[in-house]
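For the sequence shown, full-length UniProt numbering gives the first residue as 1, with consecutive numbering after it.
Just so you know, these hints were derived from the structure itself, not from any lab. Possibly wrong hints are sitting among the right ones.
Simulated restraints, written as ranges between beta carbons of each label pair [to be verified]: (1) Gln181 <-> Asn26: 35 to 43 angstroms; (2) Ser231 <-> Glu124: 44 to 52 angstroms; (3) Ser138 <-> Asp162: 15 to 23 angstroms; (4) Ser254 <-> Thr140: 33 to 41 angstroms.
The calculated EDC-like cross-link candidates involving lysine to aspartate or glutamate, where the alpha carbons are at most 20 angstroms apart (straight line), are [as the list claims (entries may be wrong)]: (5) Lys172 <-> Asp162; (6) Lys269 <-> Glu240; (7) Lys13 <-> Glu213; (8) Lys115 <-> Asp229; (9) Lys302 <-> Glu29; (10) Lys113 <-> Glu213; (11) Lys279 <-> Glu125.
Where is the CB? At the ideal position from N, CA and C, for every residue including glycine.
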Amino acid sequence: LTSTGSIRNLLTKHGAIYFQDLGLANASEFSDFAHAFSWTPHEDIGNPVRRTVLAKNVATANEGPNTQPVYPHNEFGLSPHYPAYVFFFCISAPDSGGETPINNSIILYQRLKAKHPEFIHAIEEKGVKYQLFFVNTSRTQTESAGNSVLQAYGQQVLDTDDTTTARTKIEKEIRRLPTAQWVWENQSEANPLGDLRLWQHLPAVRNHPITSEPAFFNNVVSRFLNAIDASTLDPPHLNERKQYQPPAFYGDGSLIPRVYLESAVEIIKETRSLVTWKKGDVLLLDNLAVQHAREPWTGHRKLLASLWDGP
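With the hints as constraints, model all of the structure from the sequences given.
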């Protein structure tokens with residue numbers, strides 16, 4: 001199907017394909033299925049979300065708690081290094097909830113441009129700016145759904161490295177993302193390396209590589225809704241633990257007016273589809289065309305993910 005262009009044609013038309021009754025039972029079989037498409041495996045660089053590798057180019061999806069939604073976003077929309085395709089595989093279905101909402105990024109762009117042309121003009125001109133914060137905890141920590149400094153950027157760091165060597169190796173990895181700027185913070189005798197605060201200034205709109213249509217490709221809405229949950233939408237953007245947790249900004253550092261982001265949320269709700277999972281099923285997304293999210297759930301829900309670049 002990949003060699004004939006049938007899969008690509010379906011993705012161009014619909015943005016997503018849901019495979020049912022494949023008979024896949026585990027991470028290894030899912031890996032074999034994903035590799036059969038003959039795309040190029042996507043390499044994670046600086047992933048802010050902790051994932052556990054279970055098979056070749058297969059890892060757990062977001063490991064956040066079941067009560068916490070994941071809001072609409074394009075995969076790695078806050079990085080210059082993002083996959084073209086995303087597979088999700090249901091290894092265990094929830095008792096209730098746990099749907100994966102998906103919405104079309106191209107339609108979202110079109111609807112926002114029609115309703116708020118001044119917003120689209122501003123965000124296309126200025127881009128968008130994200131803050132990411134990586135605490136220096138263990139490279140094996142599992143308490144947080146977010147990655148530590150060493151989990152995100154410390155693959156080459158040895159336990160015997162001194163602070164200067166460790167930072168040099170980490171910063172070399174960061175420089176693979178050419179839009180990144182960063183500072184080290186909270187250095188102390190107990191934490192000589194320090195914590196890492198990183199900023200990404202990126203386009204918020206990207207043209208689809210096949211259709212050339214502009215897509216609202218970013219993590220702006222998810223950052224907006226997370227900031228509402230944390231009561232950090234307005235300055236000084238400090239959560240209840242006094243940690244800096246801002247929404248996404250325009251690229252010049254100014255706040256994106258709330259009315260535009262509320263409109264984006266409403267458009268997403270009007271145009272989204274909910275994927276209700278059954279054990280063994282697979283969802284394939286065109287990452288440039290489709291955003292995805294996650295609803296809270298009860299029971300034991302477990303999804304695996306596999307990320308791919310173009311051929």
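message: Checking one constraint from the list: CA of Lys269 to CA of Glu240, max 20 angstroms. Satisfied?
response: violated (29 angstroms)
task: With a cut-off of 20 angstroms on the C-alpha distance, tell me whether Lys302 and Glu29 pass.
output: Holds. Lys302 to Glu29 sits at ~15 angstroms (cutoff 20 angstroms).
message: Just to be careful, I want the Cα atoms of Lys13 and Glu213 compared with a cutoff of 20 angstroms; is the pair within it?
response: holds (13 angstroms)
field: Pair hint Lys279 and Glu125, alpha-carbon separation not exceeding 20 angstroms
entry: violated (44 angstroms)
message: For a C-alpha distance cap of 20 angstroms, please report whether Lys172 and Asp162 respect it.
response: holds (16 angstroms)
field: CB-CB spacing for Asn26 and Gln181 relative to the 35 to 43 angstroms hint
entry: holds (41 angstroms)
query: Keeping to a limit of 20 angstroms between CA atoms, is the pair of Lys115 and Asp229 held or broken?
result: Given pair Lys115, Asp229 is violated - Cα atoms ~26 angstroms apart, limit 20 angstroms.
15 to 23 angstroms as the expected CB spacing between Asp162 and Ser138, which holds or is violated: holds (18 angstroms)
- prompt: Given the proposed pairing of Lys113 with Glu213, does the C-alpha separation stay at or below 20 angstroms?
  reply: Since the Cα atoms of Lys113 and Glu213 sit roughly 13 angstroms apart, the hinted pair holds (cutoff 20 angstroms).
task: Return holds or violated for the Cβ distance of Ser254 and Thr140 against the range 33 to 41 angstroms.
output: holds (39 angstroms)
Outcome of range test on Cβ distance (Ser231, Glu124; 44 to 52 angstroms): At 30 angstroms between Cβs, range violated.
Violation of the numbered hints given earlier is confined to hints 2, 6, 8, 11; the remaining hints are satisfied by the structure.
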